[in-house]
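Participant: Build the full structure now, drawing on both the sequences and the hints.
Counting from 1, position 213 in the sequence shown corresponds to residue 213 in UniProt numbering; the numbering is continuous, with no gaps.
I should point out that these hints are in silico values taken from the structure, not numbers from a laboratory. Predicted, not measured: the structure shown is a model, and the values here were computed from it. Worth double-checking, as some hints may not be accurate.
[Claimed, not checked] Here are the simulated lysine to any residue pairs, SDA-like style, with alpha carbons at most 20 angstroms apart:
#1 95 / 67
#2 156 / 278
#3 156 / 212
#4 220 / 95
#5 220 / 67
#6 95 / 180
#7 156 / 266
#8 95 / 223
#9 220 / 15
#10 156 / 43
#11 95 / 117
#12 156 / 223
#13 95 / 79
#14 95 / 320
#15 156 / 79
#16 156 / 214
#17 156 / 261
#18 156 / 271
#19 220 / 148
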Amino acid sequence: MKNDEHRPGDTVSTVLGLGDTTVAVLNAPEPGHDLAAWARANQPAVMDKLERHGGVLFRGFEMAGPEQFEQAALVFADDLSGEEGEHPRASAGGKVYSPVFYPPTERLLWHNEQAFDQHGPSLIWFGCLRPADTGGESLVADSRAVYRRLDPHLRKPFEEHGIRYVRNYGNGLGRHWRDVFRSTDRDVVGTHCRAAGYDFEWHGERLRTTCVRPAVIPLKSGEFSWFNQAQHFHTACLDPEIRSALLAIFDEDELPRSCTYGDGSRIPDDVMMEILAVYEELELSVPLQTAEVLMLNNLTMAHGRGRFAGERRLLVAMGGMADFRNGPF
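Facilitator: Put into structure tokens, the structure is as follows:
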């Protein structure tokens with residue numbers, strides 16, 4: 001961690017990370033200071049840091065539960081997502097969620113939230129109610145740096161064709177379509193799919209959706225961001241034993257998640273391994289402690305989660321909704 005000369009609102013600002021992935025750390029003026037109140041007084045300076053680093057960690061402020069967490073997020077985005085079906089709600093009626101369940105024995109790979117959708121958040125917040133006994137760090141990687149480090153020949157088919165994402169709901173694995181789309185009515189689900197730009201088809205009680213999305217987005221700075229979820233959909237990124245077990249049951253296009261290049265051709269396994277290696281090089285581990293809040297620019301910073309043991313309780317909010325088709329951002 002290194003010192004940063006800017007000190008918004010008399011709070012000491014430092015930087016976590018020394019390489020291409022960095023997070024600004026803003027320490028409360030005194031322990032237990034109200035985060036929402038401080039953020040309102042310092043919003044422009046905080047956003048400047050977010051633009052530069054891609055992530056801001058608020059440390060030493062008061063954040064006791066979903067209501068305080070939501071109020072802090074609202075300072076930066078008045079359009080918090082209340083219709084997100086991927087994450088379970090953390091409180092009734094609010095716009096705060098719990099993280100998607102993923103086995104604590106597995107590492108959740110880096111991704112940009114909802115990159116497989118036409119619309120999604122430009123901002124995302126994680127608030128720690130209880131850290132894991134061991135592990136469970138937030139893993140972040142600068143998506144601008146990922147783009148720069150990838151070989152141009154590797155990037156080319158992604159830039160030309162995008163990524164085709166395939167999801168199969170109702171096969172007994174992953175979240176059911178009733179939960180994701182928050183409806184048991186197929187007509188309502190179909191309306192949601194069309195609005196989101198998904199092609200969809202029903203197979204009995206199972207729903208398959210497909211869509212083609214950009215793998216790279218342009219930024220107003222003139223840079224490009226590696227903005228996608230290929231590593232969450234490609235079978236090469238699964239644990240080898242899990243991959244073998246799934247492919248013994250399903251054809252690849254029938255898996256809960258899979259992806260190809262946007263033209264339908266297969267993304268080679270070695271290409272995905274090269275992408276994962278770049279993320280590994282750029283990864284910054286951020287161990288969140290009780291009451292700490294991590295705010296990320298979802299357009300420029302990918303996030304994941306380390307393996308952990310013990311109870312881990314986090315809150316999630318998303319806002320600054322953007323049309324991912326209409327850059328630069």
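Participant: Tell me if the straight-line CA distance from residue 156 to residue 266 falls inside 20 angstroms.
Facilitator: 14 angstroms, holds
Participant: Measure nothing beyond the straight line between the CA atoms of residue 220 and residue 148; if it is 20 angstroms or shorter, mark the hint as holding.
Facilitator: 16 angstroms, holds
Participant: Does residue 95 pair with residue 180 here, judged by a C-alpha cut-off of 20 angstroms?
Facilitator: Status holds; Cα separation ~15 angstroms.
Participant: Given the hinted pair residue 95 and residue 223, is their Cα-Cα distance within 20 angstroms?
Facilitator: Given pair residue 95, residue 223 is violated - Cα atoms ~32 angstroms apart, limit 20 angstroms.
Participant: For a C-alpha distance cap of 20 angstroms, please report whether residue 95 and residue 67 respect it.
Facilitator: 9 angstroms, holds
Participant: Mind checking the alpha carbons of residue 156 and residue 223 for me, to see if they're no more than 20 angstroms apart?
Facilitator: OK: residue 156 and residue 223 at ~16 angstroms, within 20 angstroms.
Participant: For residue 156 and residue 271, compute the direct alpha-carbon distance and say whether it is at most 20 angstroms.
Facilitator: With a Cα-Cα distance of about 12 angstroms, the restraint between residue 156 and residue 271 holds, given a limit of 20 angstroms.
Participant: Straight-line Cα separation of residue 156 and residue 43 no greater than 20 angstroms?
Facilitator: 38 angstroms, violated
Participant: Check whether the Cα positions of residue 220 and residue 95 lie no farther apart than 20 angstroms.
Facilitator: 29 angstroms, violated
Participant: With the threshold set at 20 angstroms, check whether the alpha-carbon distance from residue 220 to residue 67 stays at or below it.
Facilitator: 33 angstroms, violated
Participant: Next pair to validate is residue 95 with residue 320; report whether the Cα-Cα distance is within 20 angstroms.
Facilitator: 13 angstroms, holds
Participant: Is residue 156 close enough to residue 261, meaning Cα to Cα at most 20 angstroms?
Facilitator: Distance of about 11 angstroms is within 20 angstroms: holds.
In this structure, the hints that do not hold are numbers 4, 5, 8, 9, 10, 15, in rising order.
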